[in-house]
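Single-letter residue listing:
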Amino acid sequence: MSRILIIAEHDGSTLNPSTAKAVTCASGIDAAEIDVAVFAADAGAVAGEAAVIDGVARVVTIERAENANPVGALIAPQVVAMADGYSHILGPSTTFGKDLMPHVAALLGVNQISDIMAVESSHTFKRPIYAGNAIVTVEAPADHVVVATVRVASFSAAGNGGAADIVAGDASVELPGHTRFVELKSGDSDRPDLQTAAKVVSGGRGVGSEENFALIYALADKLGAGAGASRAAVDAGYCPNEMQVGQTGKIIAPDLYMAVGISGAIQHLTGIKDAGTIVAINKDEEAPIFEVADIGLVGDLFSIVPELTDAL
Amino acid sequence: MDKILVGLKRVVDYNVRVRVKGDGSGVDTDGVKMSINPFDEIALEEALRIKERGEASEVVVVSIGTADAQQQLRTGLAMGADRAILVKTDDTLAPLTVARIFRELIDRESADLVILGKQAIDDDNSQTGQMLAAIWGRPQATFASEVVFDGGSAKVTREVDAGLETIEIDLPAVITVDLRLNEPRYVKLPDIMKAKKKPLDEIEFGDLGVEGSPEIRATAHEPPAAREKGIMVDDVAGLVAALKDKGLA
Ligand SMILES: Cc1cc2nc3c(=O)[nH]c(=O)nc-3n(C[C@H](O)[C@H](O)[C@H](O)COP(=O)(O)OP(=O)(O)OC[C@H]3O[C@@H](n4cnc5c(N)ncnc54)[C@H](O)[C@@H]3O)c2cc1C
Ligand SMILES: Nc1ncnc2c1ncn2[C@@H]1O[C@H](COP(=O)(O)O)[C@@H](O)[C@H]1O
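First to last, the sequence lines map onto chains S and R.
Numbering-wise (the numbering used here), the first sequence opens with residue 644 and increments by one.
Numbering-wise (the numbering used here), the second sequence opens with residue 86 and increments by one.
It is possible that some hints are incorrect.
Said to hold, decoys possible - DEER-style ranges, computed between Cβ atoms: (1) S:ALA700 - R:GLY116: 48 to 58 Å; (2) S:ALA857 - R:THR177: 42 to 52 Å; (3) S:GLY687 - R:GLY297: 36 to 46 Å; (4) R:GLY111 - S:GLY687: 46 to 56 Å; (5) S:SER852 - R:GLU296: 48 to 58 Å; (6) S:PRO720 - R:PHE234: 23 to 33 Å.
For the record, the hints were derived by calculation from the structure and aren't laboratory data.
Glycine included, each C-beta is placed from N, C-alpha and C at the ideal position.
Just need the whole structure built from these sequences, with the hints factored in.
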């Protein structure tokens, strides 16, 4: 039987949906018990959200001022301090989890499994390599704790019918003073979050400028969609980095993904492999994006996108 | 700052679309173009700029791999690194073992800063820098898109899912770099000639005295699930109809 600890991701007030997805992954392991750890300055609201996730037995809150912001090097020793007795420690494969979990693994003296996309057994998992061009089955040693990140695009969120106990954990672990949080700058947007949106409209270099990205936003808003971008569009300064989709940006799985003025480089496609329906709008009929598109339309985005926005 | 170590991993070039071998034993890398991991070029470029600003005295590039990795180290020397170290092994080492090797080299070289890529594009692990920071007991600034030094500390801007986060770290430290940190320089022919004279030391992994780590074994490889062939539409009306058909509009 397994005992699994999941590290919750949150922004201080709300739980990130990646946590409920990690619970679904954990439920696929013959789990005796799934606990969720919330590291925060004030864990109240987030712990409440975690406690109702189906399948969670216990929520452990570790409240201290240093946990106000998620700095991996400061959270890791606290995870290690509570690791005893757990067969698995899982985090989301987001920038939060990628920063934290390898640090946890190294402190525990084990290797880490990145981006679990499927659970085969308690110690056997599938994960993507080479930008998703191959899937490898990996087997972790049975006599060590499994530390892993969960590829959030591969799992749906667990439901909300639970009622787990909330208990306070040890908040007295000594922490290093060598790393200090300064600030977080987020472009504020009312659009749905890229990583959970059911629909996403992304623009690429073909969009041409920051001003022209208004076309992408207008279409996204008409569809109630999140807005994304290729790396080339972010590099060119058309939009902020948090919009980047792909191998080194966000890996997403919306029901509908629209790629506008995006050529379809492998590194971009990695980010959308699990999308339900992919629509491509591109003036070059040879663009590789059409090889993966479910619906393709060849033409000039500057006429197509406004027309489509009107027609919807 | 005295010395900066930079990791250069030899990987299949990012333009190559790799294929899984028929027997599932791995991916086919025979005759495929190999390059420096793209993030590692950015790591090296950053180290060179730090040195050129007079904030460090030496840049040492390190690769762990087969003798072939000499090529990538030579390229790193041509870009401007002062010295290279090849830790030779025919085995694929796990990230924790690689981190332990860097930990050992930090002591041998008395390095103050280690700059690595945020991930190697072959195994897409994104682990080594964080593991090194953990076993070294020093700060990690992962996914860096801007680094500014101020005496014994550095302010690092990180690309995170929510936007741009800034942290302050004390040195010595580990930084892992994201794509937008800088644009690596091109190597010029005279630099390639000069690089041939720069020192490239080889050490057998077995002679380093670094212990291995509990291995996660790859037992099978398969190609990703293929997507079904799509349709082409002629105009916006056709697109709207196709979307309605799927209940998406
Ligand atoms: C290590 C590494 C990691 C990377 N990670 C990522 C990643 O995470 N995400 C990512 O996206 N990329 C990533 N890349 C970059 C990737 O290789 C491509 O360079 C990038 O995706 C290209 O972006 P693009 O399609 O917008 O631009 P381009 O390839 O320049 O394509 C622009 C497209 O717009 C079309 N177009 C132009 N004008 C119009 C018009 N008026 N109407 C219609 N179509 C038009 C063109 O036909 C073209 O197909 C990575 C690269 C490396 C090396
Ligand atoms: N074999 C290696 N040789 C040199 N550097 C490496 C090696 N493996 C990993 N690294 C460094 O660690 C970074 C992250 O790798 P990974 O954790 O494997 O994704 C890479 O970008 C390199 O800078």
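Taking 42 to 52 Å as the hint, is the beta-carbon distance of ALA857 (chain S) and THR177 (chain R) inside that range?
Holds, at about 48 Å.
Is 36 to 46 Å right for how far apart the beta carbons of GLY687 (chain S) and GLY297 (chain R) are?
Given a distance of about 44 Å, which is inside 36 to 46 Å, the answer is holds.
At the C-beta level, are PRO720 (chain S) and PHE234 (chain R) separated by a distance inside 23 to 33 Å?
holds, 26 Å
Whether the CB-CB distance between SER852 (chain S) and GLU296 (chain R) falls inside 48 to 58 Å
holds, 54 Å
Can you let me know if the beta-carbon spacing of GLY111 (chain R) and GLY687 (chain S) is within 46 to 56 Å?
Holds, at about 49 Å.
Could one say that the CB atoms of ALA700 (chain S) and GLY116 (chain R) fall in the range 48 to 58 Å?
holds, 52 Å
Consistency with the previously given hints is maintained throughout, with no hint failing.
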